[in-house]
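Put the two chains together into one complex; each comes in its own frame, and the hints tell you how they fit.
Protein chains in written order, with full-length UniProt numbering: chain A, 1 to 308; chain B, 1 to 171.
Warning: the hint list may mix true and false statements.
Which stretches of chain B does chain A cover? Using the computed rule of at least three CB atoms under 8 Å from a CB of chain A, they are [to be verified]:
(1) 20-30
(2) 91-97
(3) 146-153
Derived DSBU-like pairs: lysine-lysine, alpha-carbon spacing no greater than 35 Å straight-line [what the hints assert, rightly or not]:
(4) A:K240 with B:K140
(5) B:K26 with B:K10
(6) A:K48 with A:K37
(7) B:K55 with A:K286
(8) A:K240 with B:K10
(9) B:K121 with B:K140
(10) B:K136 with B:K55
(11) A:K240 with B:K55
(12) B:K10 with A:K286
Simulated from the structure, these hints should not be mistaken for laboratory data.
All C-beta atoms in this analysis are idealised placements derived from N, C-alpha and C, irrespective of residue type, glycine included.
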Amino acid sequence: MIVVQIGRLAEQLGVHRNTIRNWIRSGKLPARSVPGKRYLIKEEEFHKLCHAFGLDPDTIEVRRVPMKNDEGRESKELEGPLAELGPRTGLFRESPQWADVCLTCGSCASACPISAVDGMDPRKVVRMAVLGLEKELLESDWVWKCTLCGKCEEACPMNVEIVSLVRAVRGRKPRDLVPGALQRGVQTFLQTGNNLGIPREDFVALCLDLADELVEEGWSGFQVPLDVKGARLLVTVNSKEPFADPDDMKFLWKILYAARESWTLPTENWEGLNWGYFTGDDEVMKAMVANLVDNMYRLQCRTLLLPL
Amino acid sequence: MQRWFKEDLKNFQVISIFDLLMGYLKEGRLQLDRSLRPETTTFHDSCHYGRRSLKAFGRGYFEEGRWIIRQCCADVVEMYPNREGNYCCGAGGGVWSLPFHEERVFHGRFKARQIRNCGAKRVVVSCHNCRDQLKKSLCKEYDLDVDVVYLWELLAESLVMPGRRIRGVSV
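With the rest of the complex left out, here is chain B (with noise of 0.2 Å):
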């Protein structure tokens, strides 16, 4: 976007998802009750928003994600290493969709590792590829007992419907 269209930048605004979510909840515009996902929780950081984010364009979304998995659950743990030490799924950068099924489950060991590792029941995750290699592949390959959710997903679990302000609505 910056490379291609500076000059159109300048008519409209480019946010994340991770801007956005947090912008409702700090305006107070989302209801959450933190009793629905009492679970143990981590966060996995994606490379993109993460590491490559910082070094394309000198901001890495990591805390963010932090913030809005705390406003949803009370347990949340770290993998290790993690932010910019983080490692990857293993099916970035479009290996998901190519055809090298077995060095995708290899370069997935360590985040298989890091998942169990972790005690976490839940893993939270902002990115499409990375969701897909550890629910449909890790999980399977490496017999990881964890749920894996999007970050939007969380959320939407978490929401008191609108109008329905009792404790506990399920959604």
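Isolated chain A, as found in the complex (with noise of 0.2 Å):
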């Protein structure tokens, strides 16, 4: 097949560029419009053209594109199917909700507030995993500069579901390589209950401290109930809480023992913070919420307060 511009063939020829367009348009010249105002001729039409008009075809310019089926040139044979089709797999592409609808539009890219952090943002991550850049998402530490705010599927037309689906490239990485203390901490809590490996006794003298203290700041008779069984309600402690800011235990107590609320504190168990939900790792999520749940059933509780 031949490629011609109508301007430069009509020079070619020594005729208007409208006669070329009249001889393809009624027919008398069959060419084919392909994109960029350009027109594919087969060779022998091109030749009858040159003789009609008395030009030699091998002294024009033109340039040739190879045809499957165009006679008189070899075309080479692609060896094997260019694509499979079929169902495609992936790490990240497990839920088709997360990816397969992606518009591309680049509406959570916008609302992200650390778009741009490391060249990265949502569109990009929800991109990747589409494509099956699987290394590169896991080599990434933007899901974890990420704060899983949300902010992109609410601008999200198409609900992808790109929360879950930075969980998951977190809940992939080597758990060696989670960076920070996040690991650390879900070490301890699975050796001793909580992330940052407070002792029962110490938990225990701390909470009896505190009360004491309300005591003398004229909450008179606080009592803290440890592990009071038949307690209406269930309380947890943020571990960060006991290790750097014991006094904010006490606004809570407060206002439980104004209410003359029946509740309790388990002394075994009592982390709030699951960091398993941080670092993508659902056993430990649910090992984590399992505590609670034996919590409940072994102090007879009937509301569990969810961890502050």
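In structure tokens form, the structure reads like this:
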């Protein structure tokens, strides 16, 4: 096949551009329009045209493209199919709502407060998952800089579950490569029941001290209800409070006391902060929730206050 | 909980801090004194109690926190955008415990601007992460002159101590 441009061909043949357009329109010159205001003409038609104008086709400069059925020119058969069709597979393609429906509109990237950090944004994360760039995703720190805030999902017109995807990527990171202290906290939780490894006796002593302080502050008769069976409400503690800001535990206790609530605090497995959520580790998450469920049964409570 | 312990949920009830505190106030179990906290106050929507909870459980806690604050404070203002459009503090999802300090502060620039623009003297939060980020990081990094308090901290501060129902008692 020969690629022609109308203006160029008109010059070569010495006719007006419109003449050629008329030939094509009337079918006198069989030609197929292709992108870029160009036409494809068969070799033999081109030869006929040249002879009609007394020109040697070999002296006219033209561009040729190989075609499968272009007789007279050799075309190499491609070996094997170009692409395998069928269900695609990939680490982060487990759930179709995540990525397949993405329109690549970029609304998520516009909404994300850390778009462009490390040259990444939520849209790229989704595209990388779809395209199978798993290694690159796993090596990226960006999924750990994301706060899972969900502004991207709020902006997404197709409800792509971008946050779940980011968590899934975090969860696939080899555990020894999880950045910072998170994995150490998870490990400590699995061993001791709280993320910071606070021993039971220290926790109990701290609770009793805080209760004494409350009494001194005028909350007369305040007692901290540790492991009280049959209490209505089970309360948990975020381990950073006994660790760093123990006085902050008193706020809620004052309220519970003032409301004359029947409540209790377990002395084992009282951790309320689920770092399994952060590290993308559902097994750890489940273990932590299981602790709360066990405490509910052990202390025969009727209501669980979701960890603050 | 719903995913792994569905059966157990038949045996007990699960409530959030908002449900607990609103319940006490509606049942009249707490005496509050609104004169104790006269400062202009605003509420920071935590991503997880709001937007994320709405998506995961079909219910976002947006209005509950605001209602509780109005029981404690007369002067309440809003940050914009808020509720499901609210900006993250910048430290959620474990980022507070991760070593990416610069990115965390960079993320918080929107929140810092919102706080400054709304003119509040106190920001009320319902999440440990948000509180630490706002109080210990953003206030310093962006020179914000605000107090950051937990929702239950505000309520505890506004309590009239049981047995002593004199106005103006400090707790």
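Verification of the hints:
no. : hint               : verdict
1   : 20-30              : holds (count 5)
2   : 91-97              : holds (count 6)
3   : 146-153            : holds (count 3)
4   : A:K240 with B:K140 : 21 Å, holds
5   : B:K26 with B:K10   : 26 Å, holds
6   : A:K48 with A:K37   : 23 Å, holds
7   : B:K55 with A:K286  : 20 Å, holds
8   : A:K240 with B:K10  : 31 Å, holds
9   : B:K121 with B:K140 : 15 Å, holds
10  : B:K136 with B:K55  : 29 Å, holds
11  : A:K240 with B:K55  : 28 Å, holds
12  : B:K10 with A:K286  : 18 Å, holds
Hint compliance for this structure: no hint is broken.
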